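Each chain sits in its own coordinate frame; assemble them with the hints.
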Amino acid sequence: MSKFVIVTTMMLGLALSAAGSAQAADSKQVFDFYCAQCHGIDGKGRGINVTKDFATDPRNLTDSSEMAKRSDEDLRGVIKDGGPSISKSALMPPWGSTLTSDEVEGLVKYIRKLCDCKGK
Amino acid sequence: MRLLAVTVTIGAALLVMMTAPSYAAGGDAIFKKGCTGCHYTDGPAKEKTIADQLAKKGPELWYAGSKFQKAWLAAWLQNPKLIRPLKYNSLTEKNSGDHPKLSAGDAAAVTDFLMGLTSKEVKAGTIKPSESAQARNIFSKKAPCGGCHEYPVKGNTVGGRSGPSLVGASKRLNPDWIHAYLTNIKAFKPVRDMPDFGSVLNKKDLESLAAYVATFE
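Which chain is which? The protein sequence lines are A and S, in order. Here the first sequence is numbered in my numbering, starting from 1 and rising by one per residue. Here the second sequence is numbered in my numbering, starting from 1001 and rising by one per residue.
Keep in mind the hints are simulated off the structure, nothing from the lab. Errors might be hidden in some of the hints.
What the hints assert, rightly or not - Computed Cβ-Cβ distance ranges for the label pairs, DEER-style:
| id | chain 1 | residue 1 | chain 2 | residue 2 | range |
| --- | --- | --- | --- | --- | --- |
| 1 | A | ILE86 | S | PRO1190 | 20 to 30 Å |
| 2 | A | SER97 | S | ASN1079 | 32 to 42 Å |
| 3 | S | GLY1058 | A | SER97 | 18 to 28 Å |
| 4 | A | ASP81 | S | PRO1190 | 16 to 26 Å |
| 5 | A | LYS113 | S | GLY1105 | 49 to 59 Å |
| 6 | S | ASN1137 | A | ASP81 | 18 to 28 Å |
| 7 | S | PRO1059 | A | ASP102 | 19 to 29 Å |
| 8 | S | VAL1153 | A | SER97 | 24 to 34 Å |
| 9 | A | SER87 | S | GLY1155 | 34 to 44 Å |
| 10 | S | VAL1153 | A | ASP72 | 33 to 43 Å |
| 11 | A | THR56 | S | GLY1105 | 46 to 56 Å |
Since this is a predicted model, take the numbers as computed values, not measurements. Every residue, glycine too, gets a C-beta built ideally from N, C-alpha and C.
Looking at chain S on its own, in the form it has when it is part of the complex (with noise of 0.2 Å):
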């Protein structure tokens, strides 16, 4: 009797070993059952022609793990908020907010597996957020980011909506992507509507725009 009850504790145990998947694996499936429709994973960039980037439905996350910050990620699924004020590829369309909501255990589970997808263009360790004059200066007159995204100033938003909004990227993106991003932009996005400011920018204002975007609340 004893014999069979450890018989069947050991056989339980081994059954549930064998069938539940792993966290990661569990993301895996549960992101291809309901998020591929609008995202993809699998990079590198697909997008070649205007049309390409027209018939996304959604930014491509195949480089989620570089760009988002796992807090904000595990976080803004269960409850998303806007992070564009207009529908994604739209300039009349505002959008309207409509993103699935996932559970705590499925949020948990889809973060595991889109942090688990990076860029070898990212470095780590490479920014700091900080604010400078300098860099006050490029954001707001030599590349004016502010024209085309919202930006904190003393608590209010302002700017341009045609972009994501840099409200709160200091909670919501990895400053080392900022600066991969404005570096080599076409590395991760071949066809967008934000100028490639790599070849214009040097290597410090670079840097120092990169830490000052990572500031924003």
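Only chain A is shown next, with the shape it has when bound in the complex (with noise of 0.2 Å):
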């Protein structure tokens, strides 16, 4: 009996990690596929996009100290509403129509590892 139960919480626990390196391989491509243009792939807030003509420095998502002044709920807001919603640059656009609520909460987890930080 306890037998199959160490077995059966090894297989469980292998699936939901196989299932959370999924997600967070699919974040990582809808990071890249959307913010990365201007936040950079390494998050650093220095994309292809930021030129002498960029208006703004687009956040470095790497900065713990600033992240962490932000909660989730901010982070959610600005992705889908751009950053007017929390009085920054409206070079920040916004992704509520285009992104799914999945796929902003997948954002939200992967900044938060690209910060190494937690929300206020």
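Encoded structure:
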């Protein structure tokens, strides 16, 4: 009996970790496709669009101290409704009609990994 | 003898008529032979996921006849110039500008074929190119297109690099298509790295923005 429980628990654990890494891979793909053009693939805010003409500095998403000042709800809001929703630049556009809720949630988690921080 | 000459002439003429393809059919054949490795022309849009979009080597052309201006397309196919600063679907590699060049005859035939591919989303005669303070404000502040697209300012090119350049849009793009694309982007590109502004900007904003982009030299 105990052997059965151990095997079942191990299989469940494997299945869950596989699902978790699939979601992480998907979120990286979503980030690279939509966000990296301005925030950079490394999230440091130096994407290909950030030329001398770019009127703001895209947020360095790896800056733990700055990112810790924002709640997960702030991140969700700015992704969906754009920079002006938190009194920041409109160069951060609203993605609410483009991304699904799951994709937005995945991005919030991915960004928290980039900053290695929790929201306030 | 005279009868023989007339018969031969008529026969030859019939043979030419039967074997020579029509102009548009010729363009279709040229396209199938050389272009389908990177472009598809059978709409509506096929992409459902990011992976679908990333698998494409070049833009979809199933609405090319609604999107482009005929004279520009015929000239561009003979002498392609960079539209995107970066390689299609890349944020790191520069566009090498290696699009194949067509002869004048092939370019005319392919242009005829592509101009026949239209989208019912594009309503003719909706937009007339014009510049306005309202549109300049939207373009530069409200929905800053220049963040991702190059555009002209007093003869100079400024702006972002991830999207296709808007320099020369007045000659390249159909103003009505610009409007339809901004209004209902998902119908043309369900998966793309440009936000959906159709639900953010109001009807007048969308019209004036399209009219403004259509003035870009």
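Taking 24 to 34 Å as the stated bounds, is the beta-carbon spacing between VAL1153 of chain S and SER97 of chain A within them?
holds (29 Å)
Between ILE86 of chain A and PRO1190 of chain S, is the Cβ distance one that fits in 20 to 30 Å?
holds (29 Å)
Between LYS113 of chain A and GLY1105 of chain S, does the C-beta distance stay in 49 to 59 Å?
holds (56 Å)
How does the Cβ-Cβ distance of SER87 of chain A and GLY1155 of chain S compare with 34 to 44 Å: does it lie in that range?
Holds: the Cβ-Cβ distance is about 35 Å, inside 34 to 44 Å.
Against the range 46 to 56 Å, how does the distance between the Cβ atoms of THR56 of chain A and GLY1105 of chain S compare: consistent or not?
Given range 46 to 56 Å: holds, Cβ gap about 49 Å.
May I ask you to test the hint 19 to 29 Å on the CB atoms belonging to PRO1059 of chain S and ASP102 of chain A?
holds (28 Å)
Check the following: the C-beta atoms of GLY1058 of chain S and SER97 of chain A are separated by a distance inside 18 to 28 Å.
holds (26 Å)
Lying within 18 to 28 Å: is that true of the beta-carbon distance ASN1137 of chain S to ASP81 of chain A?
For ASP81 of chain A against ASN1137 of chain S, whose Cβ atoms are near 19 Å apart, the range 18 to 28 Å holds.
If you check the beta carbons of VAL1153 of chain S and ASP72 of chain A, does the distance land in 33 to 43 Å?
holds (39 Å)
Tell me if the beta carbons of ASP81 of chain A and PRO1190 of chain S are separated by a distance inside 16 to 26 Å.
holds (22 Å)
Assessment of proposed distance window 32 to 42 Å (beta carbons of SER97 of chain A, ASN1079 of chain S)
holds (38 Å)
The structure is consistent with each of the numbered hints, conforming to all of them.
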